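Enquirer: Order-wise, the sequence lines are chains A and B. Residue numbering for the first sequence follows the working numbering, beginning at 1 and increasing consecutively. Residue numbering for the second sequence follows the working numbering, beginning at 240 and increasing consecutively.
Read the hints as simulated data drawn from the structure, not as lab findings.
When the alpha-carbon atoms are kept at most 20 Å apart in a straight line, the in silico EDC-like pairs for lysine to aspartate or glutamate are as follows:
#1 K68(A) / E408(B)
#2 K79(A) / E42(A)
#3 K318(B) / E281(B)
#4 K68(A) / E401(B)
#5 K29(A) / D95(A)
#6 K307(B) / E162(A)
#7 K29(A) / E42(A)
#8 K307(B) / E169(A)
#9 K318(B) / D332(B)
#10 K318(B) / E330(B)
#11 K234(A) / D220(A)
#12 K473(B) / E415(B)
Quantities reported herein were computed from a predicted structural model and do not represent experimental measurements.
Protein chains: 2
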Amino acid sequence: MSNPAVMALLFDVFGTVVDWRGSITAEVKAFGQRHGLERDWEAFAQDWRALYQPAMEEVRSAQRGFVKLDVLHRENLDKLFVKYDIVGISEEDTDHLNRAWHRLTPWADTVPGMNRLRRRFILASMSNGNIALMVNMARYSALPWDAILGAEVARAYKPMPESYLRSCEALSLPPEQCMLVAAHNSDLEAARACGLRTAYVNRPTEYGPLQTVDFNATSDWDFIADSMIDLADKMECPL
Amino acid sequence: MSNPAVMALLFDVFGTVVDWRGSITAEVKAFGQRHGLERDWEAFAQDWRALYQPAMEEVRSAQRGFVKLDVLHRENLDKLFVKYDIVGISEEDTDHLNRAWHRLTPWADTVPGMNRLRRRFILASMSNGNIALMVNMARYSALPWDAILGAEVARAYKPMPESYLRSCEALSLPPEQCMLVAAHNSDLEAARACGLRTAYVNRPTEYGPLQTVDFNATSDWDFIADSMIDLADKMECPL
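Modelling step: build the complete structure from the supplied sequences, incorporating the hints.
Expert: Encoded structure:
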């Protein structure tokens with residue numbers, strides 16, 4: 001590693017740290033079972049995720065002020081209830097389902113890898129998820145964050161430059177002492193443009209059969225790893 | 240406890256969670272020894288803390304925009320170098336000394352008590368210390384925060400109402416589901432005025448011989464405890 005030394009790792013979360021597709025699919029299937037509803041729940045989960053970028057785009061393009069991802073997830077869920085003809089669900093049940101995004105399960109290598117990385121580096125979430133979502137997920141899945149940063153602290157969604165730069169600034173570190181860890185080449189591209197270091201972690205099953213990109217690193221990122229444990233090895237973190 | 244249930248505990252940190260006076264006194268004494276300087280280091284530590292409120296007051300009164308506490312601590316340290324006739328200290332040494340505030344030691348009951356409290360509640364720092372300071376302190380002293388909130392996230396120093404209200408908002412919780420834990424009656428007073436619940440933890444030696452207030456609870460706070468372990472007992476947190 002060239003100087004200056006990396007001090008903090010900033011993590012993309014959905015897809016990189018946790019398996020949102022597996023978790024959300026399991027949650028919507030269980031929801032369907034509870035309510036006696038037969039639908040294509042795998043498609044429902046993918047559709048829910050597909051509405052994520054357009055919803056954030058309204059904020060990025062300043063068509064609306066900053067709103068938390070929980071709110072965007074809920075608006076998108078309400079749209080899917082219409083699309084999938086789901087009616088008569090109580091507010092409590094709907095809210096519980098919306099909070100499925102707070103109960104995402106990490107990939108098997110995530111927690112052991114992060115625990116090793118944490119011995120050498122500050123670990124912060126740098127997700128588009130809001131603070132409460134990230135706090136609840138961390139408690140649910142024992143993610144060892146030193147700080148919850150990202151969109152809500154920066155008041156800007158990735159890949160806006162402010163989202164990266166304000167996260168570094170929150171740690172009182174220059175961008176070159178921060179490294180984004182992500183499974184998405186485009187996210188790393190945006191971070192590199194802001195001066196951050198970059199680590200790609202391969203998650204080739206994130207989108208399942210629908211995955212079309214991010215089967216491997218498409219640039220010479222500072223680190224390229226197959227898992228968080230592999231990243232901990234490559235960054236020379238003690239066992 | 241009356242409804243609605245408390246979900247999150249927000250902690251004052253300097254004095255409540257950590258013994259700033261003991262830690263800073265030890266650091267400045269060691270600094271003096273390294274540099275062969277004989278001064279009244281206990282007075283130096285107290286003077287450093289005494290400059291804290293006036294410095295924040297310039298921000299609270301909008302005489303200047305929001306600046307991180309690390310910057311205020313450094314400005315105050317530079318003033319004390321003049322007052323105590325300390326010259327010729329390198330930038331690196333001065334910065335290291337300024338970061339003594341990142342290396343504060345918890346009271347003996349803090350970590351065991353917080354670990355129990357964390358089983359039932361979200362724990363967040365709600366300090367005037369900046370994010371980097373709080374992250375480094377947590378790593379130094381194994382403080383089990385779920386989130387670092389407080390002045391820098393709220394862009395307002397306590398006891399401004401915004402500092403309390405924006406911290407609750409960051410957790411997506413109404414104030415009545417958040418409880419401030421503090422050793423300072425005035426801090427609890429300000430939090431209660433914002434609708435938060437309140438827990439007083441007695442720290443009668445925080446200021447040593449100079450302590451003039453906060454020897455005990457001066458109001459009917461929701462909880463009154465002698466230590467974090469006592470608070471965990473009173474809040475019925477499992478061993």
